[in-house]
Amino acid sequence: MREDLQLLREGALAGLQTAGDADALEAWRIQYLGRKGTVTDLMRNIGQVPAEERPAYGQAANALKNELSEAFDARQQALVQESLAAEMAAEGVDVTLPGRRPQIGGVHPSNQTLREITDIFATMGFQVFASRDVETDEYNFELLNMPPGHPARDLWDTFYTTTPGVIMRTHTSPGQIHAMKALGPDKPIRVILPGMCYRYEQVSARAEMMFHQVEGLAIGRHITMADLKGVIVEFANQLYGAGRKLRFRCSHFPFTEPSVEADVDCILCGGSGCAVCKYVGWLEIMGAGMVHPTVLRNGGYDPAEWSGFAFGMGPERITMLKSGISDIRYFFGNDLRFLEQFG
Amino acid sequence: MTAIKVPLSWLNDFVDVFDLDPVELAERLTLAGLEVEHIRWVGLNPSDAYHVPADRMGEEDGLPWELDKLFVGEIIRTERHPNADRLLLATVEYGGDKPMTIITGAPNLRPGDSMIKVAFATIGARLVDPYADAYKTMTLKAGKIRGIRSEGMACSERELGISDEHEGIIILPPNAPVGMPLADYMGDAVYSMDLTPNLARDLNIIGVAREVAALYDRPLKRPQPELAALAGIVRPEDMPRPQPPARRFVNIEIPAPDLCHRYTAILIRDVEIGESPGWIKDRLRKAGVRPISNIVDATNYAMLEWGQPTHAFDYDLLVERARQAEGQKSRGAEEQSDSGFSAEASDPLTSDILTSDPLPSVLPTIIMRRARDGEKMTTLDGVERELTSDMLMITDTLGTVAVGGVMGGLETEVNDQTRNVLLEAASFDFINNRRTSQTLRLPSEATARFSKGISAEMPVPAGLRCARLMVELAGGEVVEGIEDCYPTEQHSVTIDLAPAEVRRILGMDVPTAQISDILRHLEFDVEPLGDDENTLRVTVPWFRLDATIPADLIEEVVRIIGYDQIPTTLMDDALPPQWRNWALEGKERVRDLLTGAGLQDIISYRLIGPEVNRKLLAAQGEPVYDPVAGVAVDDRQLPVIFDPEALVRLENPLTPAADRLRSTMLGNMLAALARNARSVDRVALFEIGKVYWPVEDDSLPAEPELISIGLTGVRAARNWSNQNDQMLDFFDLKGVVEELLARLGLLADARFEATVHPLLGVRAARVLIGKNELGVLGEVHPVVRRAFDLPDQRACIAELRLAPLVAAVSYRPAMQSISNFPAVKEDLAVVVDEAVLAEQVEQVIRQAGGSLLRDVTLFDIYRGKQVAAGKKSLAYSLTFQADDKTLKDSDVEKVRKRIIARLGQALGAELRA
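Each protein sequence line maps, in turn, to chains A and B.
Position 306 (the first sequence) corresponds to 306 in the numbering used here; numbering is contiguous.
Residues are numbered in the numbering used here as their position in the second sequence, beginning at 1, plus a constant of 343.
Among the clues, some could well be false.
[Said to hold, decoys possible] Below, in silico cross-link-like pairs of lysine-lysine (DSSO-like), each with a Cα-Cα straight-line distance of 30 Å or less:
{"no.": "1", "chain 1": "B", "residue 1": "Lys1168", "chain 2": "B", "residue 2": "Lys1228"}
{"no.": "2", "chain 1": "B", "residue 1": "Lys1033", "chain 2": "B", "residue 2": "Lys1077"}
{"no.": "3", "chain 1": "B", "residue 1": "Lys412", "chain 2": "B", "residue 2": "Lys487"}
{"no.": "4", "chain 1": "B", "residue 1": "Lys1033", "chain 2": "A", "residue 2": "Lys181"}
{"no.": "5", "chain 1": "B", "residue 1": "Lys1240", "chain 2": "B", "residue 2": "Lys1208"}
{"no.": "6", "chain 1": "A", "residue 1": "Lys36", "chain 2": "A", "residue 2": "Lys65"}
{"no.": "7", "chain 1": "A", "residue 1": "Lys278", "chain 2": "B", "residue 2": "Lys348"}
{"no.": "8", "chain 1": "B", "residue 1": "Lys1077", "chain 2": "B", "residue 2": "Lys1214"}
{"no.": "9", "chain 1": "A", "residue 1": "Lys278", "chain 2": "B", "residue 2": "Lys479"}
{"no.": "10", "chain 1": "B", "residue 1": "Lys1237", "chain 2": "B", "residue 2": "Lys1215"}
{"no.": "11", "chain 1": "B", "residue 1": "Lys1033", "chain 2": "A", "residue 2": "Lys322"}
{"no.": "12", "chain 1": "B", "residue 1": "Lys348", "chain 2": "B", "residue 2": "Lys479"}
Because the hints were derived from the structure by calculation, they are not lab data.
Work out the full structure, taking the sequences as your base and the hints as a guide.
Printed below as a string of structure tokens:
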């Protein structure tokens, strides 16, 4: 190789090694390999080379150009790698630091249970029917087969308003009459009636003066107590998980006859007895029964032609059982430390 | 629900139960509707079916006596402890290898006593610690007192968990079999039952025994002549009629036969008031009744056994009152009592004297009449009570004696000197009785039974049983015959039941023969209805008032068969029309949007007190401030939003703090903010619920559903990557409302206007959708904030109507085209007067910007040196874009110029230099 080419090569390679960033590298490229760069000039100046040396010169210049091009590519690659490594090094982080969580509120546990109940009964064709909180004595008691003075009224401690005959509903059952009058007569009915109820009862861990209830009502031409059992079994399996054991006890409500209470085997101990079920093994989940003929008649249905069942349950109680809540007063205390536990 | 306690030993008098597992019997009764809530073991050992672990059994669960550790023992020798004056050594035979020596200080043992049967506990027996302050069990250990070893214990009632009695050891009857496990000899269990009102007939031992007999197909035992006499009687008309006494001893008048259906009286002579024997006291205590004296105990015992409350008068006191009245009458003071039904006595002076013991010359007269309105009487508890004409009084010729079926009077009560007892057993209208006891607030064991209804045929047999027991306990004799005034007779009830109806209601085939069998076990009379083979004529037994229609009989059939026998089916009835429930969907959509916005769903008490209203109105009378300038406006005061006294009020509040229904949810929301602001840095809450607004000319209030929102504290909780403690303010709240409206497609029609509101300070707005007000939002007035004890930081509240939002739930927007051409962003800063609102500026920009202006964002507001006083600079980022081309600079410039020109014309805005 000619000495000048040799010098050029050494100078170029040394310069490439000192080009530490993309700008210096580009400057180097322009200096050597650019259109007016020194290596490009070598080819352009081939005419000034004596003729006999031209082939060797040409080969050497070409080889130099190729060598420097490759060296450039390698250097460029190395620089990219270097800067990426530097970038990565700067990104090091403790992944166990807490994430930035979006602020999303939660649905009240009672409302969650109400949604669940509503959804389950929707699968069986029950639709939601709303009714009022402030009721007349007539709807809350009389039309439900409890005339004034009836001893069964003692089952419900009642808040009276200062308007005679107007009370706070003690149960969602007056909704049965409202639903029958709104949807009947002579048509089948399948509704649930969620709502707030009120009892004149000292507030304690187990009793509230205000609580939700969900009443259910089915009326048809062939509705039987076996159907009522079927609906309760279906509901319990969907709410508490499949395969639950159920027990039906004779009970009494003035607006159903026969009347039952439904118990599910304790979800905590499975029936062997624990503090939650008070060592009984069973948890009461709802009251139910066949709609009393008088109530059917009061709703405009002929009890000889139609029959029906009704049931009622307490979403707070269900939530307490499912989430192990020992004190009902948490529900309406509006303490975020309680509410935020339920998602 | 009415609670009763049923000792199995007592129940066993009327039906065999000791061969049944008490736990299984309890379950069977519970399933049949007689809920056994709790079992207390008084010696008997529970079976494996009982779930309470032994170490969890407390005082109320009782104490089972170990069969291998507690026995019937016999003291064969008693001597003084050689080294201790007050102690005795007793040698006890108990069936073990050899007699044991025990040391005892029992006051009812004396040196030299022998052949005394006792309850003997061997070493290792579990007993109640009689000296512990609280209930505690202990294991009996061998002890040595002054050199002598005690090898067991003769137990008191307290040590065995029977009662608190610890005065002496239990002495058993001489025939008690030595060596028998004590539990087998006298073990018992007591059911606590809670009975529904339809089971009034079972609020007594015999009633429960009838149920057990029917459930287990066993005969009812009739150990008493009064009960034996009733065997086989179904119809009330067939009940034996009592014989009147040969010589009358009392006149009975019932001027109020609608309230008092029957009044019977029995005379018991020459009783001696004293203490009842142990077995009576034991049963009463187990049943939860305190023993008082033999006469009173007899009335309680008969009531617990038969369900018929009775009342014992001191007969001589009644006679004395009659004499006094006679004296007054002879002075011409009183007129005769109202006439009515009466068992008029013949003149005692002229009637034959049949007994050697002369009856008084003046007979007492019992008059069952309505009280006069305002009439006063002092009841047994020493309280003077005012009565009304709806109440039944027991009076005599002198005056008031008692409130009928509710409470006796002091003056005629049996007492230590009583010799002759007049025993009342009566029948009352149960609805009236219930009302009276409620009005007078006088609940008792008697009213618990009377107010649920008792057969009018019950007073005679139950009264006789009680009288016989009195003589058994207190000596004397029952005067033959019963004074009986029975104006309102009970009639038999028959129900025609078609077996097909049983199938129709239950969805299960029950053979007619089985239906008849079950009803007969329950002592109904069942016959075919004439020639109709498809219908049964069922007669209800006299002691039941609850069965009147076929459905009642269907329940009887199914509860005896067992509800577990009913099949489980899925309804195959026609499915009613199904509909889309927009109201519910809308409400739940709003709930989801608000939780998505970072707010927690809460539920508050809808009953509030005057205190909340006082706080809500704390800022009333405060001056109104100009919303923009922030200065007080001349003479204007915050308005009144509601009259707290005009709310729906409760007649019987549990507490004054919950005596009315809320008309706004903001009181609840402010209380919830205050409660949480102490423990949580960021409080963001909402509630969807009802409020109650009285409606003129309607007894029922309107019950609209509202949404309340509350925010206070930091915008984002401080953490490792956020040290910024920015506080939530009006615009956070407005943002939540805007987002809610935007998601429901209502934002375009929404307007926010500055407003004045008595709960809010200067930053207050009302929001309108079109022309209709949706609600208010703003920062809480500092005075209100302090009244609710909120921390000294901004608190924001809103209250919106739910209905307009629900109506928008079906909103589905039409898609807007998306341009494929690039957008151009430009900034524009204009200076306007302070009074010009951002809304006005944006409106002008949008109008002037036309279709090419796609977005307007206010990104800076500046007041200060660089703009004149009274002015502000608003800086906007404007986005321009066309659907069909790439915008050129000149296109944008044209629009920009138009915007600036319009802003100048309309609002006097100038481009900021």
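How the hints compare with the structure:
For the proposed pair lysine 1168 of chain B and lysine 1228 of chain B, the alpha carbon gap of about 16 Å is at most 30 Å, so the pair holds. Taking the CA atoms of lysine 1033 of chain B and lysine 1077 of chain B, the gap is near 23 Å; set against the 30 Å cutoff, the hint holds. The straight-line distance between the Cα atoms of lysine 412 of chain B and lysine 487 of chain B is roughly 20 Å, inside the 30 Å bound, and the hint therefore holds. Between lysine 1033 of chain B and lysine 181 of chain A the CA atoms are separated by roughly 23 Å; this keeps the pair inside 30 Å, and the hint holds.
The hinted pair formed by lysine 1240 of chain B and lysine 1208 of chain B meets the criterion: a straight-line CA distance of about 27 Å does not exceed 30 Å. This hinted pair checks out: lysine 36 of chain A and lysine 65 of chain A have alpha carbons roughly 13 Å apart, not beyond 30 Å. Of the supplied pair hints, the one linking lysine 278 of chain A and lysine 348 of chain B holds, its CA atoms being roughly 19 Å apart against a limit of 30 Å. This hinted pair checks out: lysine 1077 of chain B and lysine 1214 of chain B have alpha carbons roughly 25 Å apart, not beyond 30 Å.
Under the criterion of a C-alpha separation no larger than 30 Å, the hint pairing lysine 278 of chain A with lysine 479 of chain B is consistent with the structure, at around 20 Å. Only pairs whose Cα atoms come within 30 Å are accepted, and lysine 1237 of chain B paired with lysine 1215 of chain B is accepted, the gap being roughly 25 Å. A hinted pair counts as satisfied when its Cα atoms are at most 30 Å apart, and lysine 1033 of chain B with lysine 322 of chain A qualifies at roughly 27 Å. Among the hinted pairs, lysine 348 of chain B with lysine 479 of chain B is consistent with the structure: their alpha-carbon atoms are about 23 Å apart, no more than 30 Å.
The structure shown violates none of the earlier numbered hints.
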